[in-house]
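> Each chain is listed here by its residues.
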Amino acid sequence: MRKEIKILVLIGAVVVVAAFLGARYYQESLQSERKSTAVNSPLVRPDSPSLGLADAPVTLVEFLDPECESCRAFYPTVKRILKDYDGKLRLVVRYMTFHQNSALAATFMEAAGEQGKYWEMQETLFRRQPEWGERHGEPHATPSVSPAPLFEKYATELGLDVEKIKSAVAQNRYAAKLERDLSDGQSLGVTQTPTFFVNGRRLARFNEQDLRSLIDEELGK
Amino acid sequence: MPIIRRENLPYLAWVMALVGAVGSLFFSEVMQLPPCVLCWYQRIALYPLVIIIGCGIVMRDSRMRNYALPFCLIGLVISIYHNLVYYRIIPESLAPCAQGVPCTSRQLEWLGFVTIPLMSLAAFVGMALCLLFYKSKKEGERHA
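The listed protein sequences derive, respectively, from chains S and H.
Per this note's numbering, the first sequence starts with residue 2, numbered consecutively.
Per this note's numbering, the second sequence starts with residue 75, numbered consecutively.
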């Protein structure tokens, strides 16, 4: 065999073997990390917003960020899935407040929830996210204007008592909850939004087809 | 005898292409970081280089740069564009990122600055330089 071929095969073998060892090591460390954290970080907290029957056979946990564009884009899909699996699926929302205005938006959702309009507020904030959210690829808006007046307008449009919401914001009433969700999410290995868990099983690839088949699998058990 | 000599530069370029190809597959298949559109275009330019440069080395072809450099330059142009978008020097709205992962989402940052687009840029620049400075042992003689 030519000298050149020998060298190439040798280097190639080293790189490929290193990649395989790296892959195995990566997967093992990921698994042990999940095992150790899954126990003390519950996916569902009693005060997490939830939609659907409490004893539904499948619980879908979504870690979302109100200011995340992908969460917004995927929101109609989640709604459609909930409709398709009506009665069999419960949705639980956890917050990963990664962006600048995420916490404020989540607070508005929670405060609207006090008045029984949590989901309406969530939908409004998602639908009108382009009016207030940071957009990928656009220069960072600094110093940014607080979207609070805009959110108050949404609340008024939804027929909510804006003063009550304002006081929740002023008191930082949900700061601890958002903080806890963030740390729960981080210890569960949630690094991006939206991240879905179906009966505790993490959706590996974020797309509608995989999400549906994971739900089907859990229903078929 | 120093190993890094101009006639050995194709090996260096080949290693960069190979590590880039295997590494990008590692990111997407093992770490499950979804590649964005621009990443895919760069992959299209990068993957063939493993074969092309490899064949050039085996065939001791001193004209290797004629057919390897075009791939490098195509990849380099896309990579420069990707980095400009990624570091928000130009707005993403010009980029074909309507679906899937936005080309600006930072999925990985090693040591605070080593990102995937930056690694890609480094690889394409490195390979292009290797091919440009490459001189076969008996340049001109063998393929007279």
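Honestly, the hints are just simulated from the structure, not real lab data.
Backbone N, C-alpha and C fix where the C-beta goes; we use that ideal spot for every residue, glycine too.
Take these hints with a grain of salt, some might be off.
Calculated cross-link-like contacts (lysine to aspartate or glutamate; reagent style DMTMM-like; alpha-carbon spacing at most 25 angstroms) [stated by the list, open to error]:
(1) S:LYS7 - S:ASP56
(2) S:LYS7 - H:GLU81
(3) S:LYS80 - S:ASP211
(4) H:LYS209 - S:GLU5
(5) S:LYS118 - S:GLU158
(6) S:LYS7 - H:ASP135
(7) S:LYS4 - H:GLU81
(8) S:LYS167 - S:GLU135
(9) S:LYS4 - H:ASP135
(10) H:LYS211 - S:GLU5
(11) S:LYS84 - S:GLU135
(12) S:LYS222 - S:ASP211
Negatives, chain H to chain S, calculated, CB over 12 angstroms [as the list claims (entries may be wrong)]:
(13) ARG80
(14) VAL104
(15) ASN140
> None of the hints should be skipped; say for each whether it holds.
Here's how the hints hold up against the structure:
1. S:LYS7 - S:ASP56: 63 angstroms, violated
2. S:LYS7 - H:GLU81: The given pair, whose Cα atoms are some 17 angstroms apart, holds under the 25 angstroms limit.
3. S:LYS80 - S:ASP211: 16 angstroms, holds
4. H:LYS209 - S:GLU5: Answer holds: LYS209 (chain H) to GLU5 (chain S) is near 16 angstroms, not above 25 angstroms.
5. S:LYS118 - S:GLU158: 12 angstroms, holds
6. S:LYS7 - H:ASP135: 17 angstroms, holds
7. S:LYS4 - H:GLU81: 14 angstroms, holds
8. S:LYS167 - S:GLU135: 23 angstroms, holds
9. S:LYS4 - H:ASP135: 14 angstroms, holds
10. H:LYS211 - S:GLU5: 14 angstroms, holds
11. S:LYS84 - S:GLU135: The given pair, whose Cα atoms are some 30 angstroms apart, is violated under the 25 angstroms limit.
12. S:LYS222 - S:ASP211: Roughly 17 angstroms separates the two Cα atoms, so the pair holds.
13. ARG80: 16 angstroms, holds
14. VAL104: 4 angstroms, violated
15. ASN140: Label holds. Min Cβ-Cβ 19 angstroms, cutoff 12 angstroms.
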